[in-house]
Amino acid sequence: MFIDIACSQKKKYNQNAYGDYFISGRFPNMNRVVAVLSDGLGSGIKANILACMTSTMLLKFMENNSDIEKSCEIIMNSLPVCKVRGISYSTFSAIDCYENGKAKIVEEGNPDFIWIRNGEVLKPQFQTIQSKDFKNRKMKVYNINLKKFDRIIFCSDGATQVAMGTKEYPLGLERDGFIKIILNKLEQNPEISSNELSDYLVRQIQLIAPERKLKDDTSVLSLYCRDPRESLIFTGPPYHQEKDSYFAKSFMEFKGKKAISGGTTANIISRELNIPIIAEMSLNAGKLPGLSKMEGVDLVTEGILTLTKTLEYLESGKPEKDAAQTLMKFLLDSDIINFIVGAQMNKAHYDPNLPIEIEIRKNIIKQIAKVLEEKYLKKVNVQFV
Amino acid sequence: MEKISVKVCLGTTCFVMGGANLQELVDIIPRKYGDKVEVAGSPCLGMCSIQWNYSKAPYVKIDDDIIEEATVEKVLEAIDTKLGSK
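Top to bottom, those sequences are chains H and C.
Counted from 1, the first sequence has number 11 at position 12 by numbering that gives the first Met the number 0; the numbering is strictly sequential.
Counted from 1, the second sequence has number 62 at position 63 by numbering that gives the first Met the number 0; the numbering is strictly sequential.
Some hints could be false.
[As the list claims (entries may be wrong)] To be clear about the criterion: a stretch of chain C counts as covered by chain H if any three or more of its residues have a C-beta under 8 Å from a C-beta of chain H, and this derived list gives those stretches:
{"no.": "1", "segment": "4–14"}
{"no.": "2", "segment": "19–26"}
{"no.": "3", "segment": "30–42"}
[Said to hold, decoys possible] In silico DSSO-like pairs for lysine-lysine, Cα to Cα no more than 30 Å straight-line:
{"no.": "4", "chain 1": "H", "residue 1": "Lys374", "chain 2": "H", "residue 2": "Lys69"}
{"no.": "5", "chain 1": "C", "residue 1": "Lys60", "chain 2": "H", "residue 2": "Lys242"}
{"no.": "6", "chain 1": "H", "residue 1": "Lys166", "chain 2": "H", "residue 2": "Lys10"}
{"no.": "7", "chain 1": "C", "residue 1": "Lys35", "chain 2": "H", "residue 2": "Lys179"}
{"no.": "8", "chain 1": "C", "residue 1": "Lys6", "chain 2": "H", "residue 2": "Lys292"}
{"no.": "9", "chain 1": "C", "residue 1": "Lys73", "chain 2": "H", "residue 2": "Lys248"}
{"no.": "10", "chain 1": "C", "residue 1": "Lys35", "chain 2": "H", "residue 2": "Lys346"}
{"no.": "11", "chain 1": "C", "residue 1": "Lys35", "chain 2": "H", "residue 2": "Lys320"}
{"no.": "12", "chain 1": "H", "residue 1": "Lys139", "chain 2": "H", "residue 2": "Lys45"}
{"no.": "13", "chain 1": "H", "residue 1": "Lys147", "chain 2": "C", "residue 2": "Lys55"}
{"no.": "14", "chain 1": "H", "residue 1": "Lys320", "chain 2": "H", "residue 2": "Lys254"}
{"no.": "15", "chain 1": "H", "residue 1": "Lys292", "chain 2": "C", "residue 2": "Lys2"}
{"no.": "16", "chain 1": "H", "residue 1": "Lys374", "chain 2": "H", "residue 2": "Lys184"}
{"no.": "17", "chain 1": "H", "residue 1": "Lys292", "chain 2": "C", "residue 2": "Lys60"}
{"no.": "18", "chain 1": "H", "residue 1": "Lys69", "chain 2": "H", "residue 2": "Lys137"}
{"no.": "19", "chain 1": "C", "residue 1": "Lys2", "chain 2": "H", "residue 2": "Lys320"}
{"no.": "20", "chain 1": "H", "residue 1": "Lys139", "chain 2": "C", "residue 2": "Lys60"}
{"no.": "21", "chain 1": "C", "residue 1": "Lys55", "chain 2": "H", "residue 2": "Lys361"}
{"no.": "22", "chain 1": "H", "residue 1": "Lys248", "chain 2": "C", "residue 2": "Lys2"}
{"no.": "23", "chain 1": "C", "residue 1": "Lys6", "chain 2": "H", "residue 2": "Lys286"}
{"no.": "24", "chain 1": "H", "residue 1": "Lys328", "chain 2": "C", "residue 2": "Lys73"}
{"no.": "25", "chain 1": "H", "residue 1": "Lys166", "chain 2": "H", "residue 2": "Lys214"}
{"no.": "26", "chain 1": "C", "residue 1": "Lys60", "chain 2": "H", "residue 2": "Lys346"}
{"no.": "27", "chain 1": "H", "residue 1": "Lys346", "chain 2": "C", "residue 2": "Lys2"}
{"no.": "28", "chain 1": "H", "residue 1": "Lys256", "chain 2": "C", "residue 2": "Lys35"}
{"no.": "29", "chain 1": "H", "residue 1": "Lys82", "chain 2": "H", "residue 2": "Lys101"}
{"no.": "30", "chain 1": "H", "residue 1": "Lys69", "chain 2": "H", "residue 2": "Lys166"}
{"no.": "31", "chain 1": "C", "residue 1": "Lys73", "chain 2": "H", "residue 2": "Lys292"}
{"no.": "32", "chain 1": "C", "residue 1": "Lys35", "chain 2": "H", "residue 2": "Lys292"}
{"no.": "33", "chain 1": "H", "residue 1": "Lys317", "chain 2": "C", "residue 2": "Lys55"}
{"no.": "34", "chain 1": "H", "residue 1": "Lys248", "chain 2": "C", "residue 2": "Lys55"}
{"no.": "35", "chain 1": "H", "residue 1": "Lys242", "chain 2": "C", "residue 2": "Lys73"}
{"no.": "36", "chain 1": "H", "residue 1": "Lys346", "chain 2": "C", "residue 2": "Lys31"}
{"no.": "37", "chain 1": "H", "residue 1": "Lys320", "chain 2": "H", "residue 2": "Lys147"}
Since the hints were derived computationally from the structure, they do not count as laboratory data.
Just so you know, even glycine gets a beta-carbon here, dropped at the ideal spot from N, CA and C.
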């Protein structure tokens, strides 16, 4: 089971900084995902700092399996005190879940999470823990078992209280109104990804707000348990040439999506399996060689230049229209990404007369794998051959 | 008459050494020669890894002949010669 997790946020109207903060960590070796959504007191920079501190600390505590009760006391004691209200405050929702379905959820002050299975909202049992140092602060702790296709939605109170005081929503959208929107969308599109769902939900909430001006920061964190989407990227010719045929065959037999990055690599597969390949020549391909076409392969690009650019786009999040953008999308549309990296080097690439710096393939792939794991929470396997 | 086949290498080395400009050929060749000449890209002709000692990228293959340090002018000239001798 794969846990697809995504958070979408919108700022309060007229603010420059987000007052809610989302942070998550994936531990592929432990098949574990940890995520925290925190809503800081007030709005703007002050709220941002409070929420950021809360969620970052909480994530670290949870990663290390610290006692949650103690962790929360430490956090509340270390937050800066608001000048206006004289308190240090931020609410949070945190989830620590494993791919076998075991999950622990802790909530303090945020709206209760929504657990959806087969189009129905479940009502899980919880335990209440009272803070020793802070009155009025109670945590809810849930230990639940997730099944495949379950969804969990967390939100900040900006979502449930949107449009409060208007004729249609005197008390705001409220939990029930929010659930209705979610269930409607799930009925239309039962397999929607977490990313699309959370994006959709915050957009809907903004549409409900009078004049589309949100009066509070609004965040939706969505979690979806599903089968992982797997992909394989073959880049670089294998070091032992006699193994070309073996790798070409095992590449083609792979069940998920397939990509080749590298002209020589594409030629090897084309030669070994006797599948023709054509490179697209285009005047508008940007500064990178265009894509090639090969039957049975979802994407074929040039190698080093495209990979270098893809790494740049993954880091900046701002792709331009070219082959690297296509490769980036290919990577981000997968949950588990496998790289087969051939170690054969082309000496021509190291000719100092080449006008630009060309990196060693191994290094680029290592860096791409790192960004995919750390920034995009993907599971990445790299095999050097 | 058999068509002349022009293959432009779009591999890494060729592309950075000037192959990018050779993509103009997709536009020029059909206009100039109609269907007498066929032009296509190749993910890599594999020339630079054989002749790396005296790298002459970018390469273009016209039927079975390799043009080294190819430019649009060089390619068109080679096509003209070929057509003339046929």
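Tested hints:
1. Counting residues of the segment 4–14 of chain C whose beta carbon lies closer than 8 Å to any beta carbon of chain H gives 7, which reaches the threshold of three, so the coverage claim holds.
2. Interface restraint, the segment 19–26 of chain C with chain H: holds (6 residues with C-beta to C-beta distance below 8 Å; minimum three).
3. As drawn, the segment 30–42 of chain C meets chain H at 5 residues by the rule of a beta-carbon pair under 8 Å; at three or more, the given contact holds.
4. The straight-line distance between the Cα atoms of Lys374/H and Lys69/H is roughly 29 Å, inside the 30 Å bound, and the hint therefore holds.
5. For the hint pairing Lys60/C with Lys242/H, the CA-to-CA distance comes to about 28 Å; that is within 30 Å, so the pair holds.
6. Distance hint between Lys166/H and Lys10/H is fulfilled; the C-alpha atoms sit about 24 Å from each other, no more than 30 Å.
7. For the given pair, Lys35/C sits about 64 Å from Lys179/H by alpha-carbon distance, which is inconsistent with the 30 Å threshold.
8. In summary, the hint linking Lys6/C to Lys292/H is supported, as the alpha carbons are separated by about 15 Å, within the 30 Å threshold.
9. For the hint linking Lys73/C to Lys248/H, the alpha-carbon distance of about 39 Å lies beyond 30 Å, and the restraint is violated.
10. Proximity of Lys35/C to Lys346/H is assessed by CA-CA distance (about 37 Å); at most 30 Å being required, the pair is judged violated.
11. A threshold of 30 Å between alpha carbons decides the hint, and for Lys35/C with Lys320/H the separation of about 33 Å lies outside it, so the pair is violated.
12. In summary, the hint linking Lys139/H to Lys45/H is supported, as the alpha carbons are separated by about 26 Å, within the 30 Å threshold.
13. Straight-line distance between C-alpha atoms of Lys147/H and Lys55/C comes to about 57 Å, which puts the hinted pair past the 30 Å bound.
14. Under the criterion of a C-alpha separation no larger than 30 Å, the hint pairing Lys320/H with Lys254/H is consistent with the structure, at around 28 Å.
15. With a C-alpha separation of about 22 Å, the suggested pairing of Lys292/H with Lys2/C holds against the 30 Å cut-off.
16. Only pairs whose Cα atoms come within 30 Å are accepted, and Lys374/H paired with Lys184/H is accepted, the gap being roughly 28 Å.
17. At roughly 19 Å between alpha-carbon atoms, Lys292/H and Lys60/C fall within 30 Å of each other, so this suggested pair holds.
18. Taking the CA atoms of Lys69/H and Lys137/H, the gap is about 13 Å. The hint holds against a cut of 30 Å.
19. Restraint check: the Cα-Cα separation between Lys2/C and Lys320/H comes to about 34 Å, which exceeds 30 Å; the hinted pair is violated.
20. Of the supplied pair hints, the one linking Lys139/H and Lys60/C is violated, its CA atoms being roughly 71 Å apart against a limit of 30 Å.
21. At roughly 26 Å between alpha-carbon atoms, Lys55/C and Lys361/H fall within 30 Å of each other, so this suggested pair holds.
22. Taken as a hint, the Lys248/H and Lys2/C pair is broken in the structure, with Cα atoms around 34 Å apart against an allowance of 30 Å.
23. Between Lys6/C and Lys286/H, the direct Cα distance comes to roughly 20 Å. Compliance with the 30 Å bound is thereby established for this hinted pair.
24. At most 30 Å may separate the alpha-carbon atoms for a hinted pair to count; Lys328/H and Lys73/C exceed this at roughly 38 Å.
25. Distance check on the hinted pair: Lys166/H and Lys214/H sit about 16 Å apart at the alpha-carbon level, within 30 Å; holds.
26. For a cut-off of 30 Å, the pair hint linking Lys60/C to Lys346/H stands: about 21 Å separates their Cα positions.
27. Proximity of Lys346/H to Lys2/C is assessed by CA-CA distance (about 34 Å); at most 30 Å being required, the pair is judged violated.
28. For the given pair, Lys256/H sits about 38 Å from Lys35/C by alpha-carbon distance, which is inconsistent with the 30 Å threshold.
29. For the proposed pair Lys82/H and Lys101/H, the alpha carbon gap of about 41 Å is over 30 Å, so the pair is violated.
30. Restraint check for Lys69/H and Lys166/H: not satisfied, since their Cα atoms lie roughly 43 Å apart, outside the 30 Å limit.
31. Restraint check for Lys73/C and Lys292/H: satisfied, since their Cα atoms lie roughly 27 Å apart, inside the 30 Å limit.
32. For the given pair, Lys35/C sits about 24 Å from Lys292/H by alpha-carbon distance, which is consistent with the 30 Å threshold.
33. Pair hint Lys317/H plus Lys55/C does not hold up; C-alpha atoms about 35 Å apart against a cutoff of 30 Å.
34. Of the pairs offered as hints, the one joining Lys248/H and Lys55/C is violated, with about 33 Å between alpha carbons and a cut-off of 30 Å exceeded.
35. A threshold of 30 Å between alpha carbons decides the hint, and for Lys242/H with Lys73/C the separation of about 38 Å lies outside it, so the pair is violated.
36. Restraint check: the Cα-Cα separation between Lys346/H and Lys31/C comes to about 37 Å, which exceeds 30 Å; the hinted pair is violated.
37. For the hint linking Lys320/H to Lys147/H, the alpha-carbon distance of about 36 Å lies beyond 30 Å, and the restraint is violated.
When held up to the earlier numbered hints, the structure conflicts with 7, 9, 10, 11, 13, 19, 20, 22, 24, 27, 28, 29, 30, 33, 34, 35, 36 and 37 and fits the remainder.
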